[in-house]
Amino acid sequence: MNLTSDNSITWRYAKQQVFFNIVRLAALLISAALGGLLLFIIASGIQAISWDFITLPPRDSMTKGGIMPAIVGTFYLTLGAIAIALPLGVASAIYLSEYARQGTIVRIIRIGVNCLAGVPSVVFGLFGLGFFVVYLKFGSSILSGALTLGILILPTIIGASEEALKAVPQTFREASLALGVSKWGTILRIVLPNALPGILTGSILGIGRAAGETAPIMFTAAAFFTAKLPESIFDEVMALPYHVYVLATAGTHIEETRSIQYGTVLVLVALVLGIDLIAIAIRSAMRKRKKW
Amino acid sequence: MVTTANNIIFELKQVNFFYGSTQALTDISMDFEKNRVTALIGPSGCGKSTLLRLLNRMNDLIDGTRVEGEILFEGRNIYNADNDPVEIRRRIGMVFQKPNPFPKSIFNNITYGPRLTGTRNRADLELLVEQSLKQAVLWDEVKDILNKSAMTLSGGQQQRLCIARALAMKPDVLLMDEPTSALDPISTAKIEDLIEELKKNYTIIIVTHNMQQAARVSEMTGFFYLGRLIEYALTTDIFTNPQVKQTEDYITGRFG
Amino acid sequence: MTKEERKHTSARYDQELAEIKEKLIYLGALTEKAIEKSIQSLLGRDSDLARAVITEDNQIDLLDVEIEEKCIRLLALRQPAARDLRFITTAIKINGHLERIGDMAANIAEKAILLNEMPQLKPYIDIPRMAEIARGMIRNSLDAFVQEDIDVANKVRIEDEKIDQLNDQIFRELLTFMLEDPRKIHASLLIMQVSKSLERISDHAEGIADMVIYMVTGKIVRHEAP
Chain G
1 MNLTSDNSIT WRYAKQQVFF NIVRLAALLI SAALGGLLLF IIASGIQAIS
51 WDFITLPPRD SMTKGGIMPA IVGTFYLTLG AIAIALPLGV ASAIYLSEYA
101 RQGTIVRIIR IGVNCLAGVP SVVFGLFGLG FFVVYLKFGS SILSGALTLG
151 ILILPTIIGA SEEALKAVPQ TFREASLALG VSKWGTILRI VLPNALPGIL
201 TGSILGIGRA AGETAPIMFT AAAFFTAKLP ESIFDEVMAL PYHVYVLATA
251 GTHIEETRSI QYGTVLVLVA LVLGIDLIAI AIRSAMRKRK KW
Chain U
293 MVTTANNIIF ELKQVNFFYG STQALTDISM DFEKNRVTAL IGPSGCGKST
343 LLRLLNRMND LIDGTRVEGE ILFEGRNIYN ADNDPVEIRR RIGMVFQKPN
393 PFPKSIFNNI TYGPRLTGTR NRADLELLVE QSLKQAVLWD EVKDILNKSA
443 MTLSGGQQQR LCIARALAMK PDVLLMDEPT SALDPISTAK IEDLIEELKK
493 NYTIIIVTHN MQQAARVSEM TGFFYLGRLI EYALTTDIFT NPQVKQTEDY
543 ITGRFG
Chain Y
549 MTKEERKHTS ARYDQELAEI KEKLIYLGAL TEKAIEKSIQ SLLGRDSDLA
599 RAVITEDNQI DLLDVEIEEK CIRLLALRQP AARDLRFITT AIKINGHLER
649 IGDMAANIAE KAILLNEMPQ LKPYIDIPRM AEIARGMIRN SLDAFVQEDI
699 DVANKVRIED EKIDQLNDQI FRELLTFMLE DPRKIHASLL IMQVSKSLER
749 ISDHAEGIAD MVIYMVTGKI VRHEAP
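Protein chains in written order, with my numbering: chain G, 1 to 292; chain U, 293 to 548; chain Y, 549 to 774.
Derived by calculation from the structure, the hints in this document are not laboratory data.
Mixed in with the good hints, there may be bad ones.
Cβ pair distances, simulated, as ranges [claimed, not checked]:
hint, chain 1, residue 1, chain 2, residue 2, range
1, Y, Ala559, G, Ala285, 53 to 61 Å
2, G, Thr104, U, Leu353, 33 to 41 Å
3, U, Asp529, G, Ile282, 58 to 66 Å
4, G, Thr104, U, Asp485, 48 to 56 Å
5, G, Ala285, Y, Ala624, 45 to 53 Å
6, U, Gly312, G, Ala270, 51 to 59 Å
Within a straight-line C-alpha distance of at most 25 Å, the following computed BS3-like cross-link-like pairs (lysine-lysine) qualify [as the list claims (entries may be wrong)]:
hint, chain 1, residue 1, chain 2, residue 2
7, G, Lys183, U, Lys462
8, U, Lys491, U, Lys426
9, U, Lys305, U, Lys326
10, U, Lys492, G, Lys166
All C-beta atoms in this analysis are idealised placements derived from N, C-alpha and C, irrespective of residue type, glycine included.
Modelling step: build the complete structure from the supplied sequences, incorporating the hints.
Written out as structure tokens, the structure reads:
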């Protein structure tokens with residue numbers, strides 16, 4: 001074998017370079033798309049942002065004023081969604097990963113959960129309308145919207161929680177059980193505390209999704225316009241994503257409200273990114289602490 | 293050696309064990325004596341760890357397992373339906389192959405079990421921590437850092453902490469599943485000394501791949517091969533003059 | 549039994565054990581030869597041959613050290629167990645016995661040189677018989693070691709009896725010589741020492757046989773009557 005075969009080395013090197021450049025380009029493209037999007041939103045929306053914009057309700061047929069009710073509405077909706085989905089999701093995950101015998105039934109449940117994750121969000125909206133708003137007579141309200149969003153993010157939370165539970169070393173469980181601690185005690189004292197960072201991260205990512213969705217709340221919770229803040233969970237609210245939708249498509253002053261639209265989008269994006277950042281911060285802090 | 297009936301803590305009668313349809317243990321009958329160190333040796337997959345985990349019902353945690361025969365602990369069958377595995381595990385402690393302290397403080401690692409089983413008084417717990425750590429010969433090394441995370445200890449210290457944690461439950465038996473296989477020689481020597489010390493008050497059953505270790509620490513040795521107990525005798529006899537050819541081939545390194 | 553023996557997982561280990569065995573057999577052959585020559589030097593009044601035996605003992609000593617080092621090395625590196633452990637302890641002890649047998653042969657040669665300078669006391673009859681039996685014991689005990697044969701080893705243990713009887717006989721005979729004529733005391737004492745050396749050699753051969761029995765059965769029979 002000739003180790004100094006210049007030809008083949010050059011050829012191999014060239015092939016390698018080509019391949020590297022292709023993947024490099026792909027990564028660059030993604031970053032560019034994200035960066036471009038953010039830049040565009042910031043550039044278009046920044047002049048709308050002011051203290052009044054964030055703290056005042058809209059006026060003059062929503063062509064002027066702020067978006068405070070929408071911010072509050074989105075806040076309540078996501079809070080409600082998480083309050084509903086987190087306990088339910090974590091409980092399901094505990095059942096699936098800790099208690100259920102790994103067999104056909106569990107596999108079917110998992111497939112179900114995954115399918116739920118793939119269902120288009122407008123279907124959730126219609127389901128919410130049919131079931132919560134009409135059948136259960138909750139009306140278009142925070143409750144209906146939060147329930148609908150809760151179901152929407154349930155698969156995310158179940159998935160994240162299951163992963164987090166699985167990541168807790170089996171040796172911890174064995175150590176606890178071998179000490180004569182019951183299975184439930186072991187889950188409560190050892191498994192859940194150690195899975196918490198993972199569960200929280202997954203859940204917060206779910207919150208981000210819930211905050212940004214339009215379709216599920218369109219029929220179940222969101223009001224076209226309401227200047228007052230909600231007083232009970234049966235009140236309708238404005239919400240950021242729906243507000244953008246309304247201004248951009250349904251209003252009579254679409255062109256005049258462009259800057260308000262972009263301002264709202266900017267607030268929404270900042271909100272979602274902020275939530276994601278919190279998730280990342282929690283995760284890295286918890287990772288530093290764990291040492292197994 | 294005097295073998296009287298009341299000296300026996302574990303009595304196994306024709307035990308068979310299955311993982312699903314594969315049989316892991318076949319027709320095991322053997323006695324374990326009180327306050328003795330018994331070593332279980334054999335090549336990987338011979339069933340020695342499986343047997344160890346039968347003794348505190350840790351195999352219950354695996355789906356699709358089945359036990360036949362009787363395993364009598366102090367005369368009662370631990371696999372009887374009316375015996376609570378949780379209660380059994382309190383009486384029979386276990387130390388694992390890899391040190392597995394909880395990601396908690398040293399203090400909380402030891403008090404974890406006792407707290408959940410009723411000891412809540414702070415003074416009692418402090419006394420228990422000191423006693424257990426002293427028994428595990430770790431007290432002098434950690435007495436000033438009890439609130440530090442157990443994860444900051446060295447591997448050997450972690451394993452002694454795990455032993456202390458098991459001792460805090462005041463068990464009668466200590467099952468050890470290759471307790472030094474992840475440790476350096478010095479930590480290993482410390483654990484072996486500790487075993488020597490502990491056998492005064494506890495019955496110890498140890499699974500080990502290190503045959504010299506079995507020879508050093510145990511009084512009785514059982515050799516397992518392909519799920520069967522091939523030979524069970526005094527450790528000195530097993531290591532100088534085994535009676536079964538397979539045992540001899542294994543301990544002299546003539547296997548496979 | 550030996551023939552169908554399974555090999556160690558480590559082939560090098562098998563080699564090391566085999567090497568020790570071979571060296572021991574060679575050492576046995578050397579000592580046997582040394583006895584033969586030393587007795588020959590006495591019977592043939594050949595002091596040059598006697599001196600050769602004394603020089604050649606050095607070779608035996610060197611081999612003794614070499615074997616012992618090999619055994620110690622193997623103990624340290626392989627931590628032998630069961631039959632291997634018994635083999636190694638046996639090898640170490642046999643090695644010690646053989647080395648002492650070599651020393652005895654050299655002792656006999658030394659006495660032969662002195663005796664050759666004196667007029668012959670009487671024709672040697674029992675001494676060569678003793679030597680023959682002792683050599684046979686060494687040979688058989690080593691055969692027993694190689695073949696792991698307890699029956700042969702047990703025969704060696706019985707042979708020792710004959711040597712003791714011959715030694716007693718020589719002692720009584722020489723005693724009468726000494727009582728008759730004080731000028732024969734020096735030569736008689738030297739012959740007595742030769743006889744005593746042969747008796748010791750047979751004791752060592754018996755020791756080898758004892759160890760073979762331990763190696764095969766795990767029982768220590770040294771202090772039991774054969």
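Quick rundown of the hints versus the structure:
1. Our hint of 53 to 61 Å for alanine 559(Y) and alanine 285(G) holds, since their Cβ atoms are close to 56 Å apart.
2. Distance hint for threonine 104(G) and leucine 353(U): a CB-CB separation of about 21 Å, inconsistent with the stated range 33 to 41 Å.
3. The beta-carbon spacing between aspartate 529(U) and isoleucine 282(G), approximately 60 Å, falls within the hinted interval of 58 to 66 Å.
4. Distance hint for threonine 104(G) and aspartate 485(U): a CB-CB separation of about 51 Å, consistent with the stated range 48 to 56 Å.
5. The hinted window of 45 to 53 Å between alanine 285(G) and alanine 624(Y) holds, with their beta carbons roughly 52 Å apart.
6. A hinted range of 51 to 59 Å for the beta carbons of glycine 312(U) and alanine 270(G) is consistent with their spacing of about 55 Å.
7. Restraint check for lysine 183(G) and lysine 462(U): the C-alpha separation of about 20 Å stays at or below 25 Å, so the hint holds.
8. For a cut-off of 25 Å, the pair hint linking lysine 491(U) to lysine 426(U) stands: about 15 Å separates their Cα positions.
9. Between the alpha carbons of lysine 305(U) and lysine 326(U) the distance comes to roughly 17 Å, so the proposed pair stays at or under 25 Å and holds.
10. Between lysine 492(U) and lysine 166(G) the CA atoms are separated by roughly 40 Å; this puts the pair beyond 25 Å, and the hint is violated.
Going through the hint list in order, the structure does not satisfy hints 2 and 10.
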